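Chemist: Put together the whole structure using the sequences plus the hints.
For the record, the sequence lines run as chains A and B. Letter 104 of the first sequence, counting from 1, is numbered 104 in the working numbering, and no numbers are missing. Each number in the working numbering comes from the position in the second sequence (counting from 1) with 151 added on.
It cannot be assumed that every hint is accurate.
Lysine to aspartate or glutamate pairs mimicking EDC-like chemistry, simulated, CA-CA at most 20 Å apart [stated by the list, open to error]:
{"hint": "1", "chain 1": "B", "residue 1": "Lys532", "chain 2": "A", "residue 2": "Asp44"}
{"hint": "2", "chain 1": "A", "residue 1": "Lys68", "chain 2": "A", "residue 2": "Asp44"}
{"hint": "3", "chain 1": "B", "residue 1": "Lys532", "chain 2": "A", "residue 2": "Glu108"}
{"hint": "4", "chain 1": "B", "residue 1": "Lys698", "chain 2": "B", "residue 2": "Glu655"}
{"hint": "5", "chain 1": "B", "residue 1": "Lys532", "chain 2": "B", "residue 2": "Asp393"}
{"hint": "6", "chain 1": "A", "residue 1": "Lys68", "chain 2": "A", "residue 2": "Glu101"}
{"hint": "7", "chain 1": "B", "residue 1": "Lys266", "chain 2": "B", "residue 2": "Glu664"}
{"hint": "8", "chain 1": "B", "residue 1": "Lys698", "chain 2": "B", "residue 2": "Glu664"}
{"hint": "9", "chain 1": "A", "residue 1": "Lys100", "chain 2": "B", "residue 2": "Asp788"}
{"hint": "10", "chain 1": "A", "residue 1": "Lys68", "chain 2": "B", "residue 2": "Asp743"}
{"hint": "11", "chain 1": "B", "residue 1": "Lys626", "chain 2": "B", "residue 2": "Asp393"}
{"hint": "12", "chain 1": "A", "residue 1": "Lys68", "chain 2": "A", "residue 2": "Asp120"}
{"hint": "13", "chain 1": "A", "residue 1": "Lys84", "chain 2": "A", "residue 2": "Asp44"}
{"hint": "14", "chain 1": "B", "residue 1": "Lys532", "chain 2": "A", "residue 2": "Asp97"}
{"hint": "15", "chain 1": "B", "residue 1": "Lys532", "chain 2": "A", "residue 2": "Glu51"}
{"hint": "16", "chain 1": "A", "residue 1": "Lys68", "chain 2": "B", "residue 2": "Glu738"}
{"hint": "17", "chain 1": "A", "residue 1": "Lys68", "chain 2": "A", "residue 2": "Glu108"}
It is worth saying that the hints were derived from the structure and are not from the lab. The structure displayed is predicted, hence computed values, not measured ones.
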Amino acid sequence: MSGIKAKHQRLVLVLIALAALIAAALLAAWALRNQASYFYLPADLVARPPETGRAVRLGGMVQAGSLKTAPDGVTVHFVVGDGKARVPVTFTGIVPDLFKEGSGVVAEGRIAADGTFMADNLLAKHDEKYVPREMKDMTEAQAREAVKETS
Amino acid sequence: MIAELGLATLWLAAALALLQLIAGALALTARGTGFVGVVRPSAVVQGGLALLSFLALIMVFVQTDLSVKLVAANSPSAKPLMYKIAGAWANHEGSMLLWVTVMGLAGGFVALVEKRLPERTMLATLAGQAFVSLGFYAFLLFASNPFERLNPVPVEGQGLNPLLQDPGLAFHPPTLYLGYVGLSIAFSFAIGALVTREVGPAFARAMRPWVLGAWIFLTLGITAGSYWAYYELGWGGWWFWDPVENASLMPWLAATALLHSCSVLAARNALRAWTVMLGVVAFSMSMVGTFLVRSGILTSVHAFAVDPQRGTFILALLAIYIGGALTLFALRAGTVTEGERFAVTSRESARVANNVMLTGSLGIILLGTLYPLFTEAFGEKVSVGPPYFNPMTAIFVVPMLAVLAIGPLLRWRRDSFGRVRAILLIPAALLVICGVIAVVLAPGKVLPIIGLALAPALAVASILPLRGRDLRRVKLPVWGMVMAHFGVAVSLFGMASDSAFTTERLVAVRVGETTEVGPWQIRLARIEPVAGPNWTALEAVLEARYKGAAPVFTHPQSRTFWAPVQNTAESALLTRWNGQLYTVLGEQAAGDRWQLRLWWKPFVPMIWLGGVLIALGGLLALLGRVASDVKRLVARDKIAYRRERQGR
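Modeler: Written as structure tokens, this is what we have:
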């Protein structure tokens, strides 16, 4: 293979790789902006709600007296609050062991048209060593107040 | 006593690592040739001492010496022996000790058996290994001492997280670490070769078995971890894109790319600088993963107690090692002469495409894993999950799988598609047929359809390299490649089938009532109490009939552990040739009913079967490489011996 052609080949390879890299990075940035699931406290969720159907997470305290099981035995309704606002949540599934009224929870799901938060997944305080990050910040700042107000 | 002994051996091992680094560095200089003899022995002894220290930690865990802080925090006295042993690495300090032990052993093993590298590169490699080890020794001794004593001595330990009290714990972390940390060898080889500027086929041939070894363990570790999460968490999923899962996947992607480029360097003396770069990247990804998980900077089920000091320490190590290696690379890459050329249609090009796609998906996963950190700096909390990772990685993985089908059929250097077009018609036809079937069976599910269409075609294409060959004369590494690629197809089929065809049922039933999931009828026969060594449980006895056939019994439990007091759902699996029935017992609901969560997952075990096949393929390749190396060494020794005799 001749020298010029060889150099040409290397250049083309580098250019293709570079173009692919830039395209991938742009695509990834776009996907991240659109697909990342944002974390909301009840007050934020009420003040500026996300578009319905978009995957978000909601963190707060399960309000005392709000936890009710539907007749089917596997759907629960409860209210998550942060002392400023309250959001009704519906979840179908087996709730985590440490999920109870008055304790913190992070619900993954989406907001429905009627303002109910439809949770696909609930994260409760898992054990002493593992706490969802958002909840930890919350227990320090807002949670204690929230508990005080609601109980 | 044993704890002090363990700590002392750890200090000694660290001192030997320092000696190994200094002697290695001096031996590379013109006047330091006297130090050459010191380097290999200190690497071996260092590995042995690290192992002793680790054994000492296991001993204190087995004895449940509660005066050791780590034991008190992680081990109650009433616990089965297996978990006492495994408890040694089920915590931050113990797992970091396992990390340096693996690093020390790997370095010692290289020093003992690696004879192919030029001596100077070998010295630089061992010095590099010692340099990296030193940082982790310092981290252990100054920020995470596993042997720290506790005063006063508590009466009872705090216990091991019940989720970890599972046989998976005995197998998964050590395997993963052997792979994760074994990649440090590739890193040190790359450093060694950059220092002495000896990058070439001999270097690649020497590095390849080590990368293969680490890669096999990494593959097994990820496969085992995925299966463990699948049955232990009770969520029915096998991959959650959790930061720590990504942390194990990223080094695997880099190592897989490295394996493929390493072969190009060994066979064709091309992709020289790139291969060295991948050697650096692979272990860097292991370290980044450790940082992400251990600093507590990201939410993860694997994050142990959060400690900002540790995070800063690991970040500093990262900066030194990755920054240093990349700087060295930048300085020396220019002097790594360009390799052999190859045509666009050639096996080399296929390997380049493979490497681009693997590193591309690595980049995507790295971005997604780090993105929450970026946004949090701006006060916005986000989490990135499957909606990002699944389609974005597919963009790279799907073309890579297409290349996987074609690449091995191409010749080195220069080839034409015309030559392989006819043979590729078989998988291509299969692709179309399976694609149509998949569209009919699972309409609208884009990624699963692509997977279901690709997998059978890939399975056929992966064995095509064997066509027209005398199978008795096919070399082991070729068998290894075929088996690993076949494993990719098997695993892909399991993943696609699980996403496309899984049926789920969530119900609350009374004892005696029957429910259905997929082709199964399931009757809750009774609920009974059972007791284990350190837990009690309620067990559901489920009578499961596949399409009305004779009943089989399956027993999901809801366990209560005593220390620490915690409930866990213990799922039960019923495996048939065509899938798995996955059952979880929930809580008691109103009206004497019990919550049951049931899944029928067609062909889901193929995911892990494929993983095992991939690892087995690696093992075959490794055996083949080692056997031919041994043969070559023996032949060389014979020739040398004969010459010596003739000379006299």
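Chemist: Next, verify each hint and record whether it holds.
Modeler: Taking the hints in turn, this is what the structure says about them:
This hinted pair checks out: Lys532 of chain B and Asp44 of chain A have alpha carbons roughly 12 Å apart, not beyond 20 Å. Restraint check for Lys68 of chain A and Asp44 of chain A: the C-alpha separation of about 24 Å exceeds 20 Å, so the hint is violated. For the proposed pair Lys532 of chain B and Glu108 of chain A, the alpha carbon gap of about 13 Å is at most 20 Å, so the pair holds. With a C-alpha separation of about 16 Å, the suggested pair Lys698 of chain B and Glu655 of chain B falls inside the 20 Å cut-off, and the hint holds.
Annotation: proposed proximity of Lys532 of chain B to Asp393 of chain B holds, straight-line Cα distance about 16 Å (limit 20 Å). With a C-alpha separation of about 10 Å, the suggested pairing of Lys68 of chain A with Glu101 of chain A holds against the 20 Å cut-off. Simply put, Lys266 of chain B and Glu664 of chain B have alpha-carbon atoms about 68 Å apart, too far for the 20 Å limit, and the pair is violated. The straight-line distance between the Cα atoms of Lys698 of chain B and Glu664 of chain B is roughly 17 Å, inside the 20 Å bound, and the hint therefore holds.
Note on Lys100 of chain A and Asp788 of chain B: the hinted pairing is violated, with a Cα-Cα distance of about 72 Å set against a maximum of 20 Å. For the given pair, Lys68 of chain A sits about 16 Å from Asp743 of chain B by alpha-carbon distance, which is consistent with the 20 Å threshold. With a C-alpha separation of about 39 Å, the suggested pair Lys626 of chain B and Asp393 of chain B falls outside the 20 Å cut-off, and the hint is violated. About 17 Å separates the Cα atoms of Lys68 of chain A and Asp120 of chain A, which keeps this hinted pair within 20 Å; it holds.
With a C-alpha separation of about 9 Å, the suggested pair Lys84 of chain A and Asp44 of chain A falls inside the 20 Å cut-off, and the hint holds. Distance check on the hinted pair: Lys532 of chain B and Asp97 of chain A sit about 25 Å apart at the alpha-carbon level, beyond 20 Å; violated. A distance of roughly 17 Å separates the Cα atoms of Lys532 of chain B and Glu51 of chain A; the hinted pair therefore holds under the 20 Å criterion. This hinted pair checks out: Lys68 of chain A and Glu738 of chain B have alpha carbons roughly 14 Å apart, not beyond 20 Å.
Restraint check for Lys68 of chain A and Glu108 of chain A: satisfied, since their Cα atoms lie roughly 19 Å apart, inside the 20 Å limit.
The structure does not agree with the numbered hints 2, 7, 9, 11 and 14 stated previously, though it agrees with the rest.
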